[in-house]
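Chain order of the listed sequences is A and B.
For the first sequence, this note's numbering assigns the number 1 to the initial residue and increments by one for each residue that follows.
For the second sequence, this note's numbering assigns the number 1001 to the initial residue and increments by one for each residue that follows.
Treat the hints with care, as some may be off.
[What the hints assert, rightly or not] Computed spacing ranges between beta-carbons, pair by pair:
#, chain 1, residue 1, chain 2, residue 2, range
1, A, Val-175, B, Ala-1166, 26 to 36 Å
2, A, Leu-223, B, Ser-1162, 31 to 41 Å
3, B, Asp-1165, A, Val-123, 26 to 36 Å
4, B, Ala-1104, A, Asn-70, 52 to 62 Å
[Claimed, not checked] From the derived model, a few chain B residues whose C-beta atoms are all more than 12 Å from chain A:
#, residue
5, Gly-1063
6, Glu-1074
7, Thr-1077
8, Gly-1083
9, Arg-1274
10, Ala-1288
11, Asp-1352
[Claimed, not checked] Partner residues are not named here, just some residues of chain B that face chain A (Cβ under 10 Å, in silico):
#, residue
12, His-1089
13, Ala-1147
14, Arg-1340
15, Pro-1344
16, Ala-1347
If you are wondering where the hints come from, they were derived from the structure by calculation, not from laboratory data.
Each residue gets a CB set at the ideal place from its N, CA and C atoms; glycine is no exception.
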Amino acid sequence: MPSTADLAAPVPRPAPSLARATYLAVVALVFLFMFTPLLFVLWVSVFRNEVVTFPPQGYTLAWFGNAWANAAFLNGFIASIQIGVFSMLAGLALGIPASFALVRGRFPGREALNALLLSPLIVPGIVAGTAIYIYFVQLELWTGVRVIATLPGFVLAHVALTIPWTVRLVAASLVGVDQSIEEAAANLGARPLTTFRRVTLPMIRPGVVAAAIFSFIVSFTDLEMSLFLVGPGRSTLQIAMLQYLEWKFDPTVAAVSVVQIAIIGAGLMVTDRFVKLAKVV
Amino acid sequence: MSEVVLSRVSKAYGAALAVRDFSLKVEHGELVALLGPSGCGKTTTLRMVAGFILPSAGEIRIGDESVTTKPPYERATGMVFQGYALFPHMTAAQNVAFGLEMRAVPKPEIARRVAEALRLVRLSGLGERYPKQLSGGQQQRVALARALVINPDVLLLDEPLSNLDAKLRHDVRLEIRQLQRDLGLTTVFVTHDQEEALTVADRLVVMNQGVIAQVGTPRQLYDAPRSAFVADFIGKSNFFEGEIAGPGLFRTRSGLDIRFAGEPRPAPSVLAVRPERMQVLRADAPTAHPNAVPGVAKVVTFLGPTTESMIELKSGETVTVHAPTAGGNGAAIHPGEPVRLAWPPEASLVLDASDRAPISPLA
């Protein structure tokens, strides 16, 4: 510990070394690399010209209105939110108990189960999408019930996307829970479910909130898996954008993207208030 | 009446027995300390009383009720955990109120009893603080209030002082004892600290490798340890290895003849003498004691009220002697001086050595 006398003396700043300068330059470049596309999307969304060319001929907010008026975008947006919310809820309902089993349980195959639940993270979306599509076709043939291009069908598929995040984030916060605190609750007369609701859940709440928001985001932004599941009358926002781009190249898509970036950015910022994202990702 | 009775309780983990054939009756209002080195089964026993661990065999009764297979939330025990285990997302008052809410006590009564419990542990005015805003000693008292407020049939304390610093430990120890007496609470206290156990407990249960080594009052265990393990664990002892050579005569492996009083124990045995029962005399001083052994003072340490001398005997052993600094034996001893050690036969305890690890000269 420095004494007060040490603190009173002027502290010489460390000389900026070459290593530090290089480090800062690299950090700056990485940020530039990541943010340039976002800034361009934002910029393009207010171009007045109908075909995106540089320099712009002027600026307008008309494309935002255009996007709102487009039924495909609006329906896709609503569908994506519905799918995102239900996939998130289903992911939590399955992922929280799974996390308990993985963290607290000692049973043969625990490692295998952990790997299985995290595996959707490493399977390319196109591959998983194809597999789920084939499975759904078979399912429809066997049962005669329509699955593809229905909300339950989408949710069923997207839960595969959300579960790895739920398991990872909830398990991470569960590891930090001192089990004697749960024992204290039991000792004071709380039954297991009450202990979970009043004691365990509040302690893992940051992990659960992060899991919920991440789940929603991965579902909301998914393109590859959804590609196989769309049908007449049911499409997601991502698919609607892709289809729009096949025919037109005006800034409407950029405007939609800006809205989407804003929503996700807000979600991440809210999450960061509960759990420092740098710790969990 | 809320006595606690354990009858032939055992707990097996696979082939290993953590607790074996444990029988004990804790009387109503009595404070019993379970004492022993780590891994002796004391915490396992406490957790079986709380219901966190189910015994493999035996029966546990609290009051008139057999609770052997009851879950923890159906037993009226109040436990203070080693790390306190406070609910981090609740204030001190909410922590204390939790057990009452679980018992569906009406709100106004909860408020009254929580305030009363916080007053009892001298935390009035700190009820709105969260655990992390409280010091270790304050957290400890919240944990105690939380356990007491439900009027438990039995209070269980799992090393409640181990996270406190030495000074605080001493104060809190006395406070807990005072509260326990005032409230007449049947209490089981687990500790590995013999001083803690000696000062708070009505009776001690010394455990070793899953079994009870001895049960008794602190005085009984100190004056009449039943085995070398207990003599070694409670207080300090000088140990002499050897065998009984005749009536009242013990011959050490080094060839020393030591007189003892009372009945000899079956072999393997060891002879123990408490450091304060030995007298250090000048080599030529007369003594009436039949045990008078020559040696040389090696180290003399002033400890305040007592002075500790390390004496190397002619026969090779090194023993420790505690003498009161004031008055004492009169003569001050200096390192290097030839001396004689003297003690009465009653101070020689011949003990069963079967539960004791190979003897080290005074740990």
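* Looking at the structure, which of the earlier hints fail to hold? -> Structure breaks hints 2, 3, 6, 7, 8, 14, 15 and 16.
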